[in-house]
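What follows is each chain in one-letter form.
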Amino acid sequence: EPEVTQTPSHQVTQMGQEVILRCVPISNHLYFYWYRQILGQKVEFLVSFYNNEISEKSEIFDDQFSVERPDGSNFTLKIRSTKLEDSAMYFCASILGVGQPQHFGDGTRLSIL
Amino acid sequence: GQNIDQPTEMTATEGAIVQINCTYQTSGFNGLFWYQQHAGEAPTFLSYNVLDGLEEKGRFSSFLSRSKGYSYLLLKELQMKDSASYLCAVRDNAGNMLTFGGGTRLMVKP
Numbered sequence: 069e070p071e072v073t074q075t076p077s078h079q080v081t082q083m084g085q086e087v088i089l090r091c092v093p094i095s096n097h098l099y100f101y102w103y104r105q106i107l108g109q110k111v112e113f114l115v116s117f118y119n120n121e122i123s124e125k126s127e128i129f130d131d132q133f134s135v136e137r138p139d140g141s142n143f144t145l146k147i148r149s150t151k152l153e154d155s156a157m158y159f160c161a162s163i164l165g166v167g168q169p170q171h172f173g174d175g176t177r178l179s180i181l
Numbered sequence: 029g030q031n032i033d034q035p036t037e038m039t040a041t042e043g044a045i046v047q048i049n050c051t052y053q054t055s056g057f058n059g060l061f062w063y064q065q066h067a068g069e070a071p072t073f074l075s076y077n078v079l080d081g082l083e084e085k086g087r088f089s090s091f092l093s094r095s096k097g098y099s100y101l102l103l104k105e106l107q108m109k110d111s112a113s114y115l116c117a118v119r120d121n122a123g124n125m126l127t128f129g130g131g132t133r134l135m136v137k138p
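Which chain is which? The protein sequence lines are A and B, in order. If you read the first sequence in the working numbering, its first letter stands for residue 69, the second for the next number, and so on. If you read the second sequence in the working numbering, its first letter stands for residue 29, the second for the next number, and so on.
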């Protein structure tokens, strides 16, 4: 069964550094999402992306965050200047069309030192 | 805004049936989803309801009442591997984003 894949599985970065988290959505899917989950807390929506542009974003997704689909397969989340509170699991998800359930990748654990 | 409530923890016995409740108050509603999440892993889709009633999928069933803002996930013939967190999530009218509850940690005992 096709899967959403994310790399790296674990990223350790110094505070203030830029980080890029990568996702390869399921190949024929059209809608892409990023969520995060701080340890012990709920899963939180960050941003959704469709037709090469952001369709929705949450309050968490401020100017330090950006997303890009640089080619036909990758979907990236960039954090420009990381803060300690950015430490979390970051999950990518994708769907084929409106109304479909979202399928999550295995996540990237981001640790900011 | 969205508010989604689930019990924090539940305990049940192997072979038994357990019902995990979820209530929601949302500005819009376009479906309710249940996910399973083992510690340190990604959420895995279990079931979803858009219309009122019961959806059955093997050992798992999910029920929705939109007028009451209420759903439950029913797990039958519990197995030890069912020990996990169960996440209730609502999709609003504005788009496909999901708003998650805090999750219910289920512990299955022998």
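Keep in mind the hints are simulated off the structure, nothing from the lab. Glycine residues also receive a C-beta, built at the ideal position from the N, C-alpha and C atoms. Keep in mind that the hints are not guaranteed to be accurate.
[Claimed, not checked] Covered by chain B, per the in silico footprint, the following chain A stretches (three or more residues, Cβ under 8 Å): (1) 88 to 97; (2) 133 to 146; (3) 171 to 179.
[As the list claims (entries may be wrong)] For the chain B half of the interface with chain A, some residues (derived, Cβ under 7 Å), not all of them: (4) Gln64; (5) Ala67; (6) Pro71; (7) Phe73; (8) Tyr76; (9) Leu79; (10) Gly81; (11) Phe88.
[What the hints assert, rightly or not] Using C-beta positions, here's what the derived DEER-type ranges look like: (12) A:Gln85 - B:Arg94: 31 to 39 Å; (13) B:Glu37 - A:Ser141: 21 to 29 Å; (14) B:Ala44 - A:Asp131: 48 to 56 Å; (15) B:Pro35 - A:Glu127: 22 to 30 Å; (16) A:Ser141 - B:Asn31: 23 to 31 Å; (17) B:Gly43 - A:Asp130: 28 to 36 Å; (18) A:Asn142 - B:Glu84: 17 to 25 Å; (19) A:Ile128 - B:Glu37: 35 to 43 Å.
Okay, the hints, checked on the actual structure:
1. 88 to 97: Answer violated; 0 residues pass the 8 Å Cβ test.
2. 133 to 146: violated (count 0)
3. 171 to 179: Result for this restraint: holds, n = 5.
4. Gln64: 11 Å, violated
5. Ala67: Since the shortest Cβ distance to chain A is 10 Å, the answer is violated.
6. Pro71: 5 Å, holds
7. Phe73: 5 Å, holds
8. Tyr76: At about 6 Å, which falls below the 7 Å cut-off, the nearest Cβ of chain A leaves the hint on Tyr76 (chain B) intact, so it holds.
9. Leu79: Violated - the Cβ of Leu79 (chain B) stays beyond 7 Å from chain A, reaching only about 12 Å at its closest.
10. Gly81: 17 Å, violated
11. Phe88: This interface hint is violated because 13 Å lies over the 7 Å limit.
12. A:Gln85 - B:Arg94: 31 to 39 Å: The hint (31 to 39 Å, Cβ to Cβ) is violated, given that Gln85 (chain A) and Arg94 (chain B) are roughly 46 Å apart.
13. B:Glu37 - A:Ser141: 21 to 29 Å: Because 40 Å falls outside the window, the suggested range is violated.
14. B:Ala44 - A:Asp131: 48 to 56 Å: 50 Å, holds
15. B:Pro35 - A:Glu127: 22 to 30 Å: 27 Å, holds
16. A:Ser141 - B:Asn31: 23 to 31 Å: 37 Å, violated
17. B:Gly43 - A:Asp130: 28 to 36 Å: 49 Å, violated
18. A:Asn142 - B:Glu84: 17 to 25 Å: 38 Å, violated
19. A:Ile128 - B:Glu37: 35 to 43 Å: 27 Å, violated
Violation of the numbered hints given earlier is confined to hints 1, 2, 4, 5, 9, 10, 11, 12, 13, 16, 17, 18, 19; the remaining hints are satisfied by the structure.
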